[in-house]
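Chains as they are written, first to last, in the numbering used here: chain B, 1 to 270; chain W, 1 to 556.
Calculated from the structure, these hints are not laboratory results.
Note that the Cβ used here is the ideal one computed from N, Cα and C, for glycine as well.
Don't take each hint at face value.
[Stated by the list, open to error] Far from chain W, by Cβ distances over 12 Å, these chain B residues were calculated:
id, residue
1, I135
2, A198
3, G259
[Stated by the list, open to error] Among chain B residues calculated to face chain W with C-beta under 7 Å, some are:
id, residue
4, P136
5, G137
6, R140
So the chains spell out like this:
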Amino acid sequence: MSALTLRLRECPRQRIDLSGFTSDALAGKSLADIQALPLWVGNRQMPAGDLFIIHGHDSDHIRIESESDRLDGIGSGMTRGSIRIQGHAGAYLGRGMRGGEIQVEGDASLFAGTGMTGGLLRIGGNAGDFLGAAIPGERRGLRGGRIEVRGNAGERVGDRQRRGMILIAGNAGDYCGSRMGAGTILVLGQTGANVGFAMRRGTILLTSAPELPPTFNDNGPQDLSVLTLLAKSLPSPFDQIGERGTRVQRWLGDLGHGGQGEVLAWPPLT
Amino acid sequence: MLTKLAGGRLYDPANGIDGEVRDLYIHDGRILHHPPPGETPGQTFDLDGKLVMAGAIDMHTHIGGGKVNIARAMLPEDQRAHRRNRTASTRSGGGHAAPSTLAAGYRYAEMGYTCCFEPAILPINARQSHMEMADTPMVDTGGYAMLGNDDLLLQLMSEGASQETINDYVAWTLHATQCIGIKVVNPGGINAFKFNARTLDVDEQHPHYPLKPRDIIRTLSRAVAELGVPHPLHVHASNLGVPGNRTATLATMAAAEGFPIHLTHIQFHAYGTEGDRHFSSAAAEIAEAVNRLKNVTIDVGQVMFGQTVTISGDSMHQHANHHHAHPHKWTCMDIECEAGCGVIPFRYKDKNFVNALQWAIGLELFLMVEDPWRVFLTTDHPNGAPFTSYPHLIRLLMDRSFRNDQLARIHPDAAAMSLLGSLEREYSLYEIAIMTRAAPARILGLTDRGHLGSGARADLCVYRPSDDAERIFSSPMLVFKNGEVVVEEGRITRPLQGTTQVVRPEYDRAIERRIGDWFDRHHTVRLANFGISDAEMAEGIGSPVEVHPCRPRSVT
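Same shape as in the complex, but just chain W (with noise of 0.2 Å):
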């Protein structure tokens, strides 16, 4: 069948529409410009001047795998204060921190969210985040996977292996866990915890392996350009909150050689010494780097006051922040030697002089990085703050006037310290476009999304326009997933199952061999028990493969 989207308001940057009005067309599940020759349209939207975006993409939100499910068990009193009933459509959930899958995928697509990203999948519980993945309904998923405090690939590096013996790894990695990315979180220092070191920086030596934080991004950043695996290495820098990791930050970035580079929650990496209470935000510093190297992407990690949970590979830093639990209870753990989890709850509060500099860096960094394109909009869901303040973050970066109404509530030191009040950006609808949209799909290699280009996958949302931002946002008039209405007036009409994302580089299958004597003589299944096929993606775990293409690149 035929629909037309007659008289909407279109924001599509891929495209470099910003807000015209045009009519669109949706057939077989795509966006057409014109309708097909001899078609009329058998169902009609009169769209009115409506906001027609595409749908949204969150290409970091902690919605599957170990640790989110810890959270849960860890926070029942967060499902049973935040109960979401059934309807005649959908299932109950529930979770206000760490939501249920299904009250996740439902509050997703009530804001207009299409396509979701679990930015942590430890390889070895790569199933059970898949199968938590395809329990999220209503949106399309991802993950990366995560590498660099794995004993193998600090063994291979250590060793002195070739580029191209870690890129059959990097790439055996991404098919076996069915990935689209690949992360590394505190380069090699979840792994130093693990022989007693308490921090790790990038410049430190392993206290085992003759390595440095900074060779592993280095061969990593490499291994994924050279795979040509669309997304750059996702990276959480090392000596996450802690002041003064600025340099650290910094560093990071350089430790890149001009590789693509991704730094994610970099609110949480964005920390001076300065004041009376050396902490102090180094957002200007970052922003001015982010500007100039242009290797770099970032999502911020922005913080929002009230309650959360903190989930995190680092158990480094988990481990060092465990006394600020609220409520106090937390736990930091080892997965199968592989990597860490730490999960602490947290309250983030406004009249909290640390908390509150932390919303305003984040907010420093949104509006001091020039190039939407290459900034996300992201809570590091949990952990900044639940996905479910999106809309209102929204609010803050495009009215000057509420955010400075937000910054005079907050602790008056942090607020005195803080730039924010000076600084005059206010983004546009079609840069909010930008950094939700086009900018996600454009750097997951997902081609035919994000936009609203005839071929696209009609993947869209329509709102009303406002004055407010966070009304526009929180509650789309309609939500259409692969063509079909899933969503009106921001209550779900259709549930559906999502699929996921991957990408598949070539690599040469002789590093089985190695990789199948390094499973025999440590791990806990055997290699041909670990991989994870398309029938079982398909069938078992219930969320069909979409293969993404890769295009191999060098330095920028």
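Okay, chain B solo, but in the shape it has when bound (with noise of 0.2 Å):
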């Protein structure tokens, strides 16, 4: 069976809510339901069919075509199944994602990933702010799964992270890894101001000098061999962490904040 498209036909003036376009919600229904089924745009509702050209019957594989940045809410809540956007994400992609995957070739925009506890959330180009972080009112970030980002990342990355793992290829903004509580994020290029900051525990790998608050403590170069075993479970381009060693400098913080969080940077490549 082929996989159940949408085409946007027109680059929408307000957002819509695609967070009912998932498997679990659209298992079952034929291609005329489908079509027929109301989306929010801005303040008002309109068929699925009038927003998109939509074919194509597997509703366990979706694929979304798109120039438009403001599709918000792309597989909210999803439990299976893969979602594979050409183009771009708009907000809260992936928002609660429990398990199946997501493929965006384009950028994602803020919030992707929140309130995430399983599944794979892939974006091949950047991400906006709040990363796996944890949306008002949430005491809770990521909580499982993985997030994988080929470009950049906005700031907050990872807020209130509780769990699960975050890869960026690119750089990451300002506060990366705040309030963090457990898990891990993996930042190959460069992090902005106050990495780590208000963490209680939880991991921060970099390649590159962080620019920590005052409130960390610098524990000097460590060997640590459970690196290996890191890299060896990670997928390209993040692998490439093994050909850098096992030897990180090391920083305990937020001391702020019961200090059990770690932030390990390995030493410039020379």
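Join these two chains into a complex; the hints should help.
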């Protein structure tokens, strides 16, 4: 069967809420049912078929073709199946995702992977602020699963992260890993100011010297063989950390918040 | 146009009508028992034995004012999880524990409520509170102004000011804040908290002022009675939620010295210290006192299981309970040195001994207070539970076997310590109509509401009879507001805005000089900018006032 494919007819003036378009919600629905599904566009509802050209049958594999960055909530709460986005995704991509796989070829906007507890979220381009973070009112960010970003991520990556892994091939903005409680963040590029601000526990792995808050303690260089195992478990290009060895500089913090978090940085390649 | 409601079964306790089948007419927004001569009904609703009651009145629900807004801001997840989408006639809103203004107004109307009263308006927040209530559609609103922890009153009392001076200050407060009653929260206690006191019992001296909570209750209940404000002093007693607080509650009743006094959310004030866990029900003792003291009225503040948020001006006891916050986030704050506020999200659990016993204590109080005219149906929304649980609560009161089924599900030790299983009383529809309509209207002085007499405002609702009271009251067939159908089959068909109910006792304007001096020295606003005028209520805030008469009283 061919993947259920949605092609955006024209770039909307308002944001489209696609949170109901998951394999779970569409299972067993006919193409006509799917075309008639009401979607919120700004403050009004329209049938999905008026917004998208929809074809294909296999709702376990959804393809979205869009040049707009206004498709919000793609893959919200999904537990299985796959969603592949050719183009960009809007805000709240994979929000509350529990399983399955989302792949975006372009960029994702704010709050991608927030409230996520499982599954795999791959972003080919850049991610906006609050990647895998806690949205206002929530006390936990990423709680499971994995987020991979090939480009850069915005500020507050993994804010209040509790579990799971965030891998960023490019740079991350300010306050990376702020208020983290557990889990792992790996950034292959540069990071902004205040890495690990108010973190309690958890691990932030960096390949460049971090700009830490003053409430972090330098533990000196450490030899951590666990890094070999970690590198072997990661996909390309993140597995390249294996080439950097197991000797890293380690800082503990944030001492204002228990100080059991760690920031590990490899020395610069010579 | 003349509208006829044909063949409805009327429950109108204010006029002694208990389930009689009668025709009613609505003309110019008023109820008539006979059509005006020469007029024929333009519209007839054939009700065929459906239940007809006046629009329900919630006399204690936190729907406006600073605290509610803090709760809304603190719990965005509550809004996200309970969305209410817009329809052709209604706007979007949301929230369960702390619903948005729009969601609250719509849901109240969908349950047959036409009038709601915010019980805790801090005078300095009155403008904001009225704006929020004006934004709450479908229902008429009103509020009780909070006094008793403000330094001006405590200063006046400490100086030995005459009762007349206090009366003038109380009356001025009602005028300036556009309120219908006076409330005192933990008399003197919120103020004492700022002097580092963590408790203040009824007969304990305030750490700064030479006063006891007993003095404040006596002075304010006397002021309210002498001014003729229909609603008795609305008291949130000392020692909220503290095991053994029954003595403070009984002392508070006595402190009114025979003047009318309303003890609110009394479930939270009816605790003993018996048993292994030093927490027990004192409902029997409290109910006995209420039955004996005819100057006392109560509302229950029933606890229902589930997630809610507790919001109270009682910063002293909210601070003491903050470690129970669920989800774990909370705030306690001072508001312009006038009083305090504490917002603590909370989840009541039926398998938790204390919560289960709180639930049972509330029901014991409902069932053991004999006179339904003196006990009101509230959950102290949202402190005990959101108001949306009222239909479930009514079923618990009306259906003993359902109640006992629920009792079997709570923490067994709590069930064993409660009298609830032995209480056989079942409320009748007539008694429910008393406690949700007739009695609140009477105690608030709303003469044209809460009943179906000729000339009454045509706020009424029609329910489908059922064996399941929860079904009856969760979705009325029709709700009329001011004579217009606003809800059909539990859905809003015609949105409208309500009015604000106020009282205006007379007073000597000389008090304004003293208040003005106080404002100049201590307040962030000038006196001239403080009071809310009728024009501002009507045009700026958008909720015109309706003035209800005062009737000066003395000791009963």
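Evaluated hints:
{"no.": "1", "hint": "I135", "result": "8 Å, violated"}
{"no.": "2", "hint": "A198", "result": "15 Å, holds"}
{"no.": "3", "hint": "G259", "result": "21 Å, holds"}
{"no.": "4", "hint": "P136", "result": "5 Å, holds"}
{"no.": "5", "hint": "G137", "result": "3 Å, holds"}
{"no.": "6", "hint": "R140", "result": "10 Å, violated"}
Against the hints set out earlier in the document, violations occur for numbers 1, 6.
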